[in-house]
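Engineer: Once you know that position 271 of the sequence shown is 272 in our numbering, the rest is easy, because the numbers rise by one and skip nothing.
Among these hints, one or two may not hold up.
[Claimed, not checked] Using C-beta positions, here's what the derived DEER-type ranges look like:
#, residue 1, residue 2, range
1, Lys115, Met52, 29 to 35 Å
2, Gly136, Lys82, 21 to 27 Å
3, Asp138, Lys61, 55 to 61 Å
4, Arg125, Lys58, 47 to 53 Å
5, Glu26, Asn174, 19 to 25 Å
6, Ser305, Ser161, 37 to 43 Å
[As the list claims (entries may be wrong)] Heads up, simulated BS3-like pairs for lysine-lysine below, C-alpha to C-alpha not over 27 Å straight-line:
#, residue 1, residue 2
7, Lys208, Lys162
8, Lys58, Lys265
9, Lys142, Lys162
10, Lys67, Lys116
11, Lys172, Lys208
12, Lys271, Lys210
13, Lys116, Lys82
Simulated from the structure, these hints should not be mistaken for laboratory data. The beta-carbon is built from N, C-alpha and C at its ideal position, and this holds for glycine as well.
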Amino acid sequence: MNYKVLITENIYEEGKVYLRNQGYELKMASDISENVLAEEVKDCDAILVRMANITEKIMKSGTKLKVISKFGVGVDNIDVKTASSLGIKVTNSPESNKNSVAEYTMGLIVALAKKLFIYDRELRDGNFQIRKSFGMDLEGKVLGIIGLGSIGKLVASKASKGFGMKVIGLKRNAGSRQIDNIEVTQDLDYVLKNSDFVSLHIPLTGKTKGMIGKRELSLMKSEAFLINTARGEVVDEDALFEALLKNKIAGAAIDVFKGEVPSKDNPLFKLENVIVTPHTAAHTEEAGIRMSVQPAIGIHEVLSGREPSWPVN
C-alpha cells in the first residue's frame, strides 16, 4: 500500500531520503495555517511537523491519518489528547538534540560566569577598565537543574565531570537521593535557594506553565543566574524582568520566549545582565539531521505496524 506523508515545514534531506527509501510519497505543505493543513492532510497517512500547530480540525480532516511525528522534542504544538481520542499515534525525537542543547546550556553558563558578553560589549565601547569587574569560577558552584530528563541529566554530567560543579536536580517522581553525581530532590524551593545557577529542562504543560514566577525568583540567591533553554511560558517574563531590573538575581540567559517569537520591544532586551538568543540551543547541523531522521523512523514504525521507539501517547 502506498502511504503519503505530509511534511509541514522543510526538514534535512536525510529525513526525506529515509522516508523515500521506505517507499513513502512525500507531500510538502504549501502553508502552515490551520485551513491549509486541514485541506492538504486529507489524502495523507502521516504528518511530520516542526513548529506548525496540529489542531483537532486538522486531525479530523485527515481521515487516513495514523501518526503525527515531531521534528524535535516538545509536542506542545500538537493536540495530543485529541490525537489519542482519534487513535492517532504521536511520536517525537527526544534523543536527537540532547547533546546540542546540553552543550549550549553549558556555553551560556560559562558566558554568564565569565562575563563574556559584558566584556565584549564594554571593550568595543572603549572601556578597557571593565577588566577590573571579575567573573567567577564554576568549580565548586552549585547548579540546580529543573527537570532530569535526557537533556537535564546530560547537562548535569557535563557540569559535574567537566567543570567540577555540584548538581542538585529536581525530579517530581523521585525521593531525595543521589544518582550519577546528582543530588535528587522533589523540593523546588530547595533547589532554588541553594543554587548558584538554575537551568530549566522541563516540557511545557499545564503544571509547568508559569512555574518560575515572582515567588520562585525571590527564593534564588541575589548572586544566582537563571538559564532557560526549555520553553518560554515556563517562566513569568514580567516577574523575571522585575527580578533582573532590581538585581534580585544576578542575571539570566534566555533562549526561549513567551509566544515563541519575542517582540523587538521585549523589556528583557534592554537589560545588560541578560543574554538572549533566538531559540537556537538545538540548532546544529548534527542535531538537525537527527531531528529529521528520528521522526521519519517513528512514522515508518507506526505505518509498519510496530510500536514506535519514541512514543508520546
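Engineer: Could you run down the list of hints and mark each one as holding or not?
Structural biologist: Evaluated hints:
1. Taking the beta carbon of each, Lys115 and Met52 are about 33 Å apart, inside 29 to 35 Å as hinted.
2. At roughly 46 Å, the beta-carbon separation of Gly136 and Lys82 lies outside the given 21 to 27 Å, and the hint is violated.
3. At about 56 Å, the beta-carbon gap between Asp138 and Lys61 stays in the expected band of 55 to 61 Å.
4. Checked against the hint of 47 to 53 Å, the pair Arg125 and Lys58 passes, with Cβ atoms roughly 50 Å apart.
5. Here the CB-CB span from Glu26 to Asn174 is close to 42 Å, at odds with the stated 19 to 25 Å.
6. Between Ser305 and Ser161 the C-beta distance comes to about 41 Å, which sits within the given range of 37 to 43 Å.
7. With a C-alpha separation of about 32 Å, the suggested pair Lys208 and Lys162 falls outside the 27 Å cut-off, and the hint is violated.
8. For the hint pairing Lys58 with Lys265, the CA-to-CA distance comes to about 32 Å; that exceeds 27 Å, so the pair is violated.
9. The straight-line distance between the Cα atoms of Lys142 and Lys162 is roughly 13 Å, inside the 27 Å bound, and the hint therefore holds.
10. Restraint check: the Cα-Cα separation between Lys67 and Lys116 comes to about 50 Å, which exceeds 27 Å; the hinted pair is violated.
11. For the hint linking Lys172 to Lys208, the alpha-carbon distance of about 14 Å falls within 27 Å, and the restraint holds.
12. The suggested pairing of Lys271 with Lys210 holds, with an alpha-carbon distance near 24 Å, which does not exceed 27 Å.
13. Pair hint Lys116 plus Lys82 does not hold up; C-alpha atoms about 44 Å apart against a cutoff of 27 Å.
Violated hints, in rising order: 2, 5, 7, 8, 10 and 13; the structure is consistent with all others.
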